[in-house]
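Could you put the whole structure together from the sequences, leaning on the hints where they help?
There are 2 protein chains.
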Amino acid sequence: MAHDAPVSPLAPKTTPKVGAVEGVRFATAEAGIRYKGRTDVLLLALDEGTTVAGVFTKSKCPSAPVEWCRANLPKGTARALVVNSGNANAFTGAKGREATALTAKIAAKALGCGEDEIYLASTGVIGEPLDATKYEGVLDETATRLAPLPWIDPARAIMTTDTFPKLATATVKIEGVPVTIAGIAKGAGMIAPDMATMLSFVFTDAAIAAPALQALLSKGVTDSFNAVTIDGDTSTSDTLMLFATGAAAKHGAPVINDAKDPRLSRFRRALTGVLADLTEQVARDGEGARKLVRIHVTGATSKKSARRIAMSIANSPLVKTAVAGEDANWGRIVMAVGKAGEPAERDRLSISFGGIRVAHEGARDPAYDEAETSAYMKNDVIDITVDIGLGRGTDRVMTCDLTKEYVAINGDYRS
Amino acid sequence: MAHDAPVSPLAPKTTPKVGAVEGVRFATAEAGIRYKGRTDVLLLALDEGTTVAGVFTKSKCPSAPVEWCRANLPKGTARALVVNSGNANAFTGAKGREATALTAKIAAKALGCGEDEIYLASTGVIGEPLDATKYEGVLDETATRLAPLPWIDPARAIMTTDTFPKLATATVKIEGVPVTIAGIAKGAGMIAPDMATMLSFVFTDAAIAAPALQALLSKGVTDSFNAVTIDGDTSTSDTLMLFATGAAAKHGAPVINDAKDPRLSRFRRALTGVLADLTEQVARDGEGARKLVRIHVTGATSKKSARRIAMSIANSPLVKTAVAGEDANWGRIVMAVGKAGEPAERDRLSISFGGIRVAHEGARDPAYDEAETSAYMKNDVIDITVDIGLGRGTDRVMTCDLTKEYVAINGDYRS
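These protein sequence lines map, in sequence, to chains A and B. Heads up, the first sequence is in UniProt numbering, so the first residue is 1 and it goes up one at a time. Heads up, the second sequence is in UniProt numbering, so the first residue is 1 and it goes up one at a time.
Hint data in this document are derived by calculation from the structure and do not stem from the laboratory. Worth double-checking, as some hints may not be accurate.
Treat identical chains as interchangeable: a pair holds within one or across any two.
Listed below are the simulated BS3-like cross-link pairs for lysine-lysine, each with C-alpha atoms no more than 30 Å apart in a straight line [unchecked claim]:
| hint | residue 1 | residue 2 |
| --- | --- | --- |
| 1 | Lys75 | Lys109 |
| 2 | Lys260 | Lys250 |
| 3 | Lys304 | Lys60 |
| 4 | Lys95 | Lys36 |
| 5 | Lys75 | Lys58 |
| 6 | Lys303 | Lys58 |
| 7 | Lys304 | Lys58 |
| 8 | Lys260 | Lys173 |
Written out as structure tokens, the structure reads:
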């Protein structure tokens, strides 16, 4: 149903050209996990020496693949990533663990590596056992077709309710040696009774030790994937992984062991940019989204406080429906600030839509021009700025509007 | 717009007959606060000796009337309640404080009592100054028409986007003397650009000292008004007040100074019942609601933990849209349990819709009959039970489904 949905009106106008990352090859296949005749598995092989970092859902009820990845991560090396759509292998009990073990066994045999160097992600229906025997033969055959390009293939293979594939890339130099970062993501969409998920995988040929890679990723996620919300709901399967093949070392790039190494400064910025780019694409493809909404909070008592206030606004159904209705309803912003539970004083609040200040010092801005604001609200991208007026804490989060289409997609109206 | 909405399909079939509460008289009027020709103010007079208790929004940006009530509450006595609709007097800065002071002055003059014995509540548009001079003359005239019945009048006067008036009552004996409890409420509805609010006022002729009354109300609210959510948004104006005129003392009822007094045991239960009844009516009149949803959590590590898990489920847009679609989507329940952040173990979870167990010990219940569950989901009232399997903490919260109508009501689609 949502697979036939038109491409989001907020989709980027062009798909970025993403180059090969030395040490990374991939192929996709039809394993028939849930439906026949549909690409539903991605096999991605990584050269020996690849390091790995990961950030996963905070859900107390994670999927079996999330538990599998968490268990392998301390080893710090990776040789393959297997992602399927159609079945999330979540809430599948002991059978779920057996399915991850069998998938890893089949992939390890196909690629000739250790099972504990295989990383897994699954997205799709929840609570249904995943029949991993379907991978037998399929992954062997897929392994014969591995290629370093085109990135659009894996980007498409991991889509579920996404209306466009999500890719981002950057090239920077480390000590004069060019390295590439390439990332793919699938968005936060749902199609009943499937539970979709945010998955993102980022690859680089830089040579970075696993602990440093983990530190880079954990920091990079703060203002990207952790600063986006579609509906406040958290999947049991959210997975973000960063793989570094180290192939650039062959061309003279240094092996970096410390995330704070000054030689990484450009790389850090580039990685942050790729993560932020993918995050914005996820927000632009939120279910039913017609507007991208950026919430900027300034003047909070701390960044943490600013984040909580921003998330309270971004998750408010009343704020999101107002944006859908192109209504600069600042009363609902006040409401959402008030319910956040963070330090705020009504009579110090200022609220702007775009650059137009609508409220100031606890009351409507006398200069507020409703016609100008209404015109602004017709834009595709809406910036809402709230100044708390108490301190120096700032933050920004991204979300989308809440439309009838969201309810239609997730309501699975059977009647 | 929503004022023309049809009565909620979940409305009670009959309106309860509510008797007079000795010491309470009221009348309504048209003050023209926002619209002409519409009843928009309730003046309710309380006999001398009336004690008062209140519970208010936790918002950090409360309305001026909420601040006014909070300031007066320590005095513990009340002579009048003035409620208007059309303007919430919220986020109105210094002008908001002036408006509450002027309203109280006019009401005190009309009734011949102290200004600090006047309680105020406002609901309607936010951020617009409330012109309290409109009460001049109006409240004087209204005070000449005060009568102890019918309760439907105040119940209707405080409505905004409610589709039916909300009343509840109980009669119990304290030491053999009958006392009455009568309550009215308005629901959690919104109509752009108005911010509606949950207001509830409960009255009794029992003779209960203010501190004891406050203790009764604070306890009573835990499993009623604090256990209901429509969309997770919190008004700047939520107000629940309990007034005790003490008139029953003239008929021999004791004056009670301690909330734990055993002579109050029946009264406590009756008060809890009235609050729970009003709460359920609010949930049944949630904007766009087509189903009342009761979330029962058992086996949590504590009641507090059970409450957080229940609220995580009740506020999940994905759970609420699934119920709207008559889909027993237990995967989304697992998701909402997982994101609550409370102790939970996937492999101990059980989930039931009605009496039908759909998931057990971390996987789909093998005996689960989809046809039977689908038939159950067609009901108006849906009970979802989640057993966490870890402890003895239980809780129950109420909500409603999330429909396209909710988005339509709050989206104010201008295009």
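Among all the numbered hints in the text so far, which are the ones the structure does not match? none
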